[in-house]
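Engineer: Position chain B relative to chain A; hints supplied.
Number of protein chains: 2
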Amino acid sequence: MSNDRVEIVEVGLRDGLQNEPSPVAPDRRANWFNRLVDAGLRRIEAGSFVSPKWVPQMANTDQVLGAIRRRDGVTAEVLVPNDQGLHLSLENGADVISVFTAASESFNRKNINCSIEQSIERFRPVVAGARSAGKPVRAYVSCVVGCPYEGPIQPGQVADVVEQLMALGVDEVSLGDTIGVARPREIHRLLDAVMPLVATDRLALHCHDTRGQAIANIHAALERGIRTFDSAVAGLGGCPYAHGATGNVATEDVLYLLAGEGLETGVDLNAVAALGNDICNRLNRANPSRVGRALAPSP
Amino acid sequence: MSNDRVEIVEVGLRDGLQNEPSPVAPDRRANWFNRLVDAGLRRIEAGSFVSPKWVPQMANTDQVLGAIRRRDGVTAEVLVPNDQGLHLSLENGADVISVFTAASESFNRKNINCSIEQSIERFRPVVAGARSAGKPVRAYVSCVVGCPYEGPIQPGQVADVVEQLMALGVDEVSLGDTIGVARPREIHRLLDAVMPLVATDRLALHCHDTRGQAIANIHAALERGIRTFDSAVAGLGGCPYAHGATGNVATEDVLYLLAGEGLETGVDLNAVAALGNDICNRLNRANPSRVGRALAPSP
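In the order they appear, the protein sequences are chains A and B. First residue of the first sequence: 0, per numbering that gives the first Met the number 0; consecutive thereafter. First residue of the second sequence: 0, per numbering that gives the first Met the number 0; consecutive thereafter.
Everything labelled a hint here was simulated from the structure, so no lab data went into it. Hints should not be assumed to be uniformly reliable.
Label pairs and their calculated CB-CB ranges [what the hints assert, rightly or not]:
id: 1; chain 1: B; residue 1: 170; chain 2: A; residue 2: 72; range: 34 to 42 Å
id: 2; chain 1: B; residue 1: 162; chain 2: A; residue 2: 270; range: 41 to 49 Å
id: 3; chain 1: B; residue 1: 170; chain 2: A; residue 2: 201; range: 49 to 57 Å
id: 4; chain 1: A; residue 1: 71; chain 2: B; residue 2: 223; range: 37 to 45 Å
id: 5; chain 1: B; residue 1: 2; chain 2: A; residue 2: 168; range: 55 to 63 Å
id: 6; chain 1: B; residue 1: 116; chain 2: A; residue 2: 4; range: 42 to 50 Å
id: 7; chain 1: A; residue 1: 51; chain 2: B; residue 2: 223; range: 50 to 58 Å
id: 8; chain 1: B; residue 1: 147; chain 2: A; residue 2: 195; range: 30 to 38 Å
id: 9; chain 1: A; residue 1: 116; chain 2: B; residue 2: 265; range: 43 to 51 Å
id: 10; chain 1: B; residue 1: 170; chain 2: A; residue 2: 108; range: 55 to 63 Å
Some chain A residues well away from chain B (every beta-carbon gap over 12 Å; in silico) [claimed, not checked]:
id: 11; residue: 33
id: 12; residue: 166
id: 13; residue: 248
id: 14; residue: 260
Ideal Cβ positions, reconstructed from N, Cα and C, are used throughout, including at glycine.
Chain A on its own, in the form it takes in the complex:
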């Protein structure tokens, strides 16, 4: 990985849409996936195989995977909670398997009803199965700076979880500021604790822009050599103007930053912005991406 190349992991169609109020039909999700590919994105979350009872927005991810155009160098990434999810993912041609836990015990218990340790035990067979099928495994760690139940999370707690994940054999760890409380100094402290444990090109930062600090946090991580960032077209995920909104940082805003810093992504910002505005019109929501709004056609 060249040092001036940055990889965006586009999470809008999974982490984004799973937090939007209305489900989107699978053919439309596939269409949006294809437009993201056309815009130059290479790593794109296609959905998840979790129970539609819990996350109705992700129902029919198999149909999304069936309808997307495949292209060399583009990976369709899928979140799975267990072995059954892994099998469905492999059957339907997912390219990267993602598992998830949190750095906060309370968040893990409320979110997936088990301890951090139990969650890691639970996806031990998922990681093994994915690897024996030749699929890379990404692990999401939520609440790496703050937790809605516990407050501040110490970097050492995150490091403990990351160490266990690496020992399990995951290929990449995505550090998530799930509730968007981090600021650059906290990102630096987090990276101080985690970077000694993981090769830099196996680390990703996943920012939510709840307090408007995401771009500054990404810039801080860039200064430390991190080159993989999760973001969502149109900042999907979380009602952007409601109380407690916790939307993902917008891909458009990240691309604008990266272009200014002289970093390459291979992604066409204008194409992503056009898609973001189309998605917002379709979902009848405001566009929280400031770059997306600045690039929107005049009314």
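Structural biologist: Frame of chain A, contents of chain B only:
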């Protein structure tokens, strides 16, 4: 100035309100000024003495100045275009006099109908008059990174203007990214050009958050030692969700950053956020401050 103390220049009641569609009555502007003082802000723009024909939102700034509570250590700052504005400011008890020009010839011509050189000649007597009245002078330089008419602005152009302003005897220069196009690398390049010409404690950065980069830009300037930043409560100025919105960076978002970086402002974030939400309710507008929304009471 201690290195861990940051001064916020609150510009919402002038640079903010002058770009909001509806004028606000002077007694209400004075009330908001007083609440900003109560929140701990020490440098606050109270208005401007420009023609109400051109900027009706700033009419009756004399009444604002007459109605605000005076407190030691708090300065009421006023923008003036000419000698007449200076006399009105002094008569009405302004503490700091601000003049303005731009680093872009085209912007200056469209905005104030004269060249950069003419604008500087025009406020030469204003600076002299303010200084002989014992009032500090702040100079705003607009379009320090980009111009809506000329595109990118070279740092050397800004340095030329800054050099002339310092020669004229201004006490402080506020570098304005008026259209919110800057990114951290551009801020570093700008500061590379300007910092050799001015003592660091006489420089301020004035960011608009049009493309979501303001907090990252402020963080970059903090790393260079800049300790004065302009911002507006509730990101006043420019319709926040409209096309081409160019609102100021929100004071709330800046305060949140600064607290995380361990920098002191003496300002109570919660009090500013409460005022910001009140102002947005009064103006019947959405609150573009993400921190302001995160801190808003549950509906």
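Engineer: It remains to establish, for every hint, whether it holds in the given structure.
Structural biologist: Hints and how they fare:
Separation of residue 170 of chain B from residue 72 of chain A is about 56 Å and departs from the stated range, judged on CB atoms against 34 to 42 Å. Hint check: residue 162 of chain B to residue 270 of chain A, Cβ distance near 42 Å, so the stated range 41 to 49 Å holds. Here the CB-CB span from residue 170 of chain B to residue 201 of chain A is close to 51 Å, well matched to the stated 49 to 57 Å. Between residue 71 of chain A and residue 223 of chain B the Cβ separation comes to about 44 Å, which falls inside the hinted range of 37 to 45 Å.
Checked against the hint of 55 to 63 Å, the C-beta distance between residue 2 of chain B and residue 168 of chain A comes to roughly 46 Å, which is inconsistent with it. Residue 116 of chain B and residue 4 of chain A have their C-beta atoms about 45 Å apart, which keeps the hinted 42 to 50 Å range intact. At roughly 51 Å, the beta-carbon separation of residue 51 of chain A and residue 223 of chain B lies within the given 50 to 58 Å, and the hint holds. Taking the beta carbon of each, residue 147 of chain B and residue 195 of chain A are about 47 Å apart, not inside 30 to 38 Å as hinted.
Remark: the range hint 43 to 51 Å for residue 116 of chain A to residue 265 of chain B is upheld by a beta-carbon distance near 45 Å. Remark: the range hint 55 to 63 Å for residue 170 of chain B to residue 108 of chain A is upheld by a beta-carbon distance near 57 Å. Consistency note on residue 33 of chain A: stated as away from chain B, and its beta-carbon is indeed over 12 Å from all of that chain's, at 26 Å minimum. Listed as outside the interface, residue 166 of chain A is consistent with that label: its C-beta sits roughly 32 Å from the nearest C-beta of chain B, beyond the 12 Å cut-off.
At roughly 9 Å, the least C-beta separation between residue 248 of chain A and chain B is not larger than 12 Å, which violates its mark as non-interface. At the 12 Å boundary, the C-beta of residue 260 of chain A falls inside the reach of chain B, the nearest C-beta of that chain being 5 Å off.
Checked against the numbered hints listed earlier, the structure breaks hints 1, 5, 8, 13, 14; every other hint is satisfied.
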